[in-house]
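Engineer: Here are the chains, one letter per residue:
Number of protein chains: 2
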Amino acid sequence: MPQDFDPERVPDVAAVRAAHERIRPHVHRTPVLTSRSLDVRVGARLFFKCENFQKVGAFKARGACNAVFSLSDAAAARGVVTHSSGNHGSALAWAARERGIPAYVVMPSNAPKIKQNAVRGYGGEVIFCEPNVAAREAACAQVQQRTGAELVHPFNDYRVVAGQGTATVELLEEVADLDAVIAPVGGGGLLSGTAIAGKSLRPSLKVWGAEPANADDAFRSFRSGRIEPLPATQTIADGLRTTLGTRTLPVIRSLVDDIQTASEAAIVEAMRFTWERMKIVVETSCSVPFATLLEGRFDVAGKRVGILLTGGNVDLDRLPWQN
Amino acid sequence: MPQDFDPERVPDVAAVRAAHERIRPHVHRTPVLTSRSLDVRVGARLFFKCENFQKVGAFKARGACNAVFSLSDAAAARGVVTHSSGNHGSALAWAARERGIPAYVVMPSNAPKIKQNAVRGYGGEVIFCEPNVAAREAACAQVQQRTGAELVHPFNDYRVVAGQGTATVELLEEVADLDAVIAPVGGGGLLSGTAIAGKSLRPSLKVWGAEPANADDAFRSFRSGRIEPLPATQTIADGLRTTLGTRTLPVIRSLVDDIQTASEAAIVEAMRFTWERMKIVVETSCSVPFATLLEGRFDVAGKRVGILLTGGNVDLDRLPWQN
Numbered sequence: 001m002p003q004d005f006d007p008e009r010v011p012d013v014a015a016v017r018a019a020h021e022r023i024r025p026h027v028h029r030t031p032v033l034t035s036r037s038l039d040v041r042v043g044a045r046l047f048f049k050c051e052n053f054q055k056v057g058a059f060k061a062r063g064a065c066n067a068v069f070s071l072s073d074a075a076a077a078r079g080v081v082t083h084s085s086g087n088h089g090s091a092l093a094w095a096a097r098e099r100g101i102p103a104y105v106v107m108p109s110n111a112p113k114i115k116q117n118a119v120r121g122y123g124g125e126v127i128f129c130e131p132n133v134a135a136r137e138a139a140c141a142q143v144q145q146r147t148g149a150e151l152v153h154p155f156n157d158y159r160v161v162a163g164q165g166t167a168t169v170e171l172l173e174e175v176a177d178l179d180a181v182i183a184p185v186g187g188g189g190l191l192s193g194t195a196i197a198g199k200s201l202r203p204s205l206k207v208w209g210a211e212p213a214n215a216d217d218a219f220r221s222f223r224s225g226r227i228e229p230l231p232a233t234q235t236i237a238d239g240l241r242t243t244l245g246t247r248t249l250p251v252i253r254s255l256v257d258d259i260q261t262a263s264e265a266a267i268v269e270a271m272r273f274t275w276e277r278m279k280i281v282v283e284t285s286c287s288v289p290f291a292t293l294l295e296g297r298f299d300v301a302g303k304r305v306g307i308l309l310t311g312g313n314v315d316l317d318r319l320p321w322q323n
Numbered sequence: 001m002p003q004d005f006d007p008e009r010v011p012d013v014a015a016v017r018a019a020h021e022r023i024r025p026h027v028h029r030t031p032v033l034t035s036r037s038l039d040v041r042v043g044a045r046l047f048f049k050c051e052n053f054q055k056v057g058a059f060k061a062r063g064a065c066n067a068v069f070s071l072s073d074a075a076a077a078r079g080v081v082t083h084s085s086g087n088h089g090s091a092l093a094w095a096a097r098e099r100g101i102p103a104y105v106v107m108p109s110n111a112p113k114i115k116q117n118a119v120r121g122y123g124g125e126v127i128f129c130e131p132n133v134a135a136r137e138a139a140c141a142q143v144q145q146r147t148g149a150e151l152v153h154p155f156n157d158y159r160v161v162a163g164q165g166t167a168t169v170e171l172l173e174e175v176a177d178l179d180a181v182i183a184p185v186g187g188g189g190l191l192s193g194t195a196i197a198g199k200s201l202r203p204s205l206k207v208w209g210a211e212p213a214n215a216d217d218a219f220r221s222f223r224s225g226r227i228e229p230l231p232a233t234q235t236i237a238d239g240l241r242t243t244l245g246t247r248t249l250p251v252i253r254s255l256v257d258d259i260q261t262a263s264e265a266a267i268v269e270a271m272r273f274t275w276e277r278m279k280i281v282v283e284t285s286c287s288v289p290f291a292t293l294l295e296g297r298f299d300v301a302g303k304r305v306g307i308l309l310t311g312g313n314v315d316l317d318r319l320p321w322q323n
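Keeping their order, the protein sequence lines are chains D and B.
For what it's worth, this note's numbering labels the leading residue of the first sequence as 1, then goes sequentially.
For what it's worth, this note's numbering labels the leading residue of the second sequence as 1, then goes sequentially.
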């Protein structure tokens with residue numbers, strides 16, 4: 001596989017296809033599931049791309065894997081570094097292990113033990129920092145200086161964006177005649193990749209983003225054209241509590257058709273309904289698209305709609321509908 | 001489809017294949033999932049037949065559907081009746097609705113509201129009785145007398161047994177070179193169907209049953225040759241708290257290679273591990289086969305082993321690992 005990816009160049013569908021070839025030996029081709037109960041509930045035909053079944057339990061494996069396997073042998077040998085206390089950290093550690101190179105994951109010193117152990121379980125090295133952006137960036141820079149490791153940002157990296165787009169390539173291979181696809185939006189890596197792949201492979205496809213109302217920065221950024229600050233409120237979909245990046249905002253502004261939001265109550269209801277009826281374990285974050293449909297935010301009546309289920313890493317001791 | 005099933009004749013693989021043709025338009029062909037984490041844990045290659053994704057959330061849809069669609073038009077018009085406060089009741093109501101005939105489901109007056117509503121949700125009529133065997137049989141007989149409905153026993157019925165065997169037909173179509181298959185055993189309908197299909201389609205296949213140690217009547221019946229009473233203890237896998245039937249015991253004695261048991265702790269651990277790593281919602285009952293492997297009850301080292309995941313109907317408010 002050629003290591004030819006230019007991280008500065010906005011990926012086109014050819015880059016997404018190249019990413020797909022690159023990561024194919026390592027990731028799962030996840031199934032697309034349907035559910036009559038969920039269809040009836042929103043009056044549409046829904047097709048769920050089950051990235052909760054992906055390696056490391058999340059679509060993040062795709063982007064991380066593409067970034068890691070895009071590196072030249074010389075660069076790869078020095079390892080990769082990122083900051084993430086979520087799925088991207090585990091995904092990068094996993095992808096690095098697949099290539100046999102070191103991974104360094106910076107996370108705040110108060111990050112849950114379970115997240116630390118996940119990274120270490122895949123052979124990654126955890127590096128702690130104070131829980132603020134400046135400390136995080138300083139810690140990353142320090143690792144880069146010390147080791148020469150390549151920074152792989154969770155979403156503001158076009159190698160990652162191209163990798164995330166591969167889920168939509170597979171979804172459209174399986175269900176060619178979709179009318180729309182909805183991705184949750186946090187930093188916008190998945191939504192960007194979805195839009196690049198989706199609009200090119202099926203120009204009539206509507207590409208929509210779904211975000212918690214309590215973290216509606218992307219909703220506002222999509223309209224204003226600049227990176228808007230996060231609201232001070234909390235959301236249960238904590239994986240989406242991040243602003244768009246300088247590389248994802250322009251892609252989203254030019255290719256995405258709309259971004260809408262869902263209330264916290266609808267997110268919990270969507271998650272529980274998915275567990276109950278589809279019999280699958282999904283995270284709060286990936287219940288946001290279905291939650292927007294429960295609240296009627298997109299016109300899907302009679303349409304065929306793809307939904308990206310992004311992950312299944314959940315604390316089974318504390319479920320959101322339990323007190 | 002010919003309605004040619006003789007409920008008195010032990011089904012052979014041809015009967016299972018006929019059942020498969022009969023139910024195919026109505027049931028899901030469920031996926032077979034694998035998990036490296038679960039494989040590593042027990043040192044075998046496991047193939048999970050995901051009947052938790054089946055219609056009504058359980059394999060019971062297969063047997064009930066076969067029984068209902070085996071009836072002549074005249075018999076079908078009078079409806080079907082059963083006693084069950086579990087998945088078979090829902091499954092029979094669902095299958096009857098598929099054929100457009102009435103279903104009567106006898107359940108104890110203290111059956112959980114959620115079970116009552118499931119039957120009614122599929123259009124079945126719930127008939128209450130006192131919570132004991134005599135009252136249950138009297139109630140069934142009364143319904144039969146009043147309506148002429150056909151009794152479809154949850155497991156002691158060869159139409160049901162043949163229907164349950166269709167899951168193994170599909171499993172072996174997908175993974176031809178299995179060394180063994182494990183089914184949980186309650187009344188023995190699934191295990192009988194699994195053995196009939198499995199031994200005929202692949203004579204070298206080991207067919208094993210897995211049972212809670214706290215409800216080990218089948219374990220003992222398999223050895224003694226007679227229907228042994230249930231122990232007085234409780235098990236979390238309440239779907240398996242029933243003895244073998246007069247029709248299932250002989251099939252199991254002649255075709256099954258072994259039955260082993262699992263502790264309550266292992267069952268809970270198996271269930272949680274499956275949710276965590278496979279990202280699927282499965283019932284306690286169908287975690288029993290994997291639990292027996294956690295406790296080393298079967299020699300599976302390096303083998304390719306099919307496991308029937310029987311259902312996914314779980315009370316999401318109270319999970320077994322939560323207090």
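Worth flagging that the hints you see were computed from the coordinates, not collected in a lab.
None of the values given here were measured: they were computed from a predicted structure.
Idealized CB from N, CA, C, for every residue including glycine.
The reader is advised that the hints may include incorrect statements.
If you only want the chain D side, here are some residues facing chain B, beta carbon under 7 Å, derived [what the hints assert, rightly or not]:
1) 53
2) 280
3) 316
Engineer: Hints first: check each against the structure and report whether it holds.
Structural biologist: Against the structure, the hints:
With its C-beta approaching chain B no nearer than about 6 Å, residue 53 of chain D sits inside the 7 Å limit, and its interface hint holds. For residue 280 of chain D, the interface hint holds, since its Cβ comes within 7 Å of a Cβ in chain B; the closest pair sits about 6 Å apart. Because the closest C-beta pair between residue 316 of chain D and chain B is about 6 Å apart, less than 7 Å, the hint holds.
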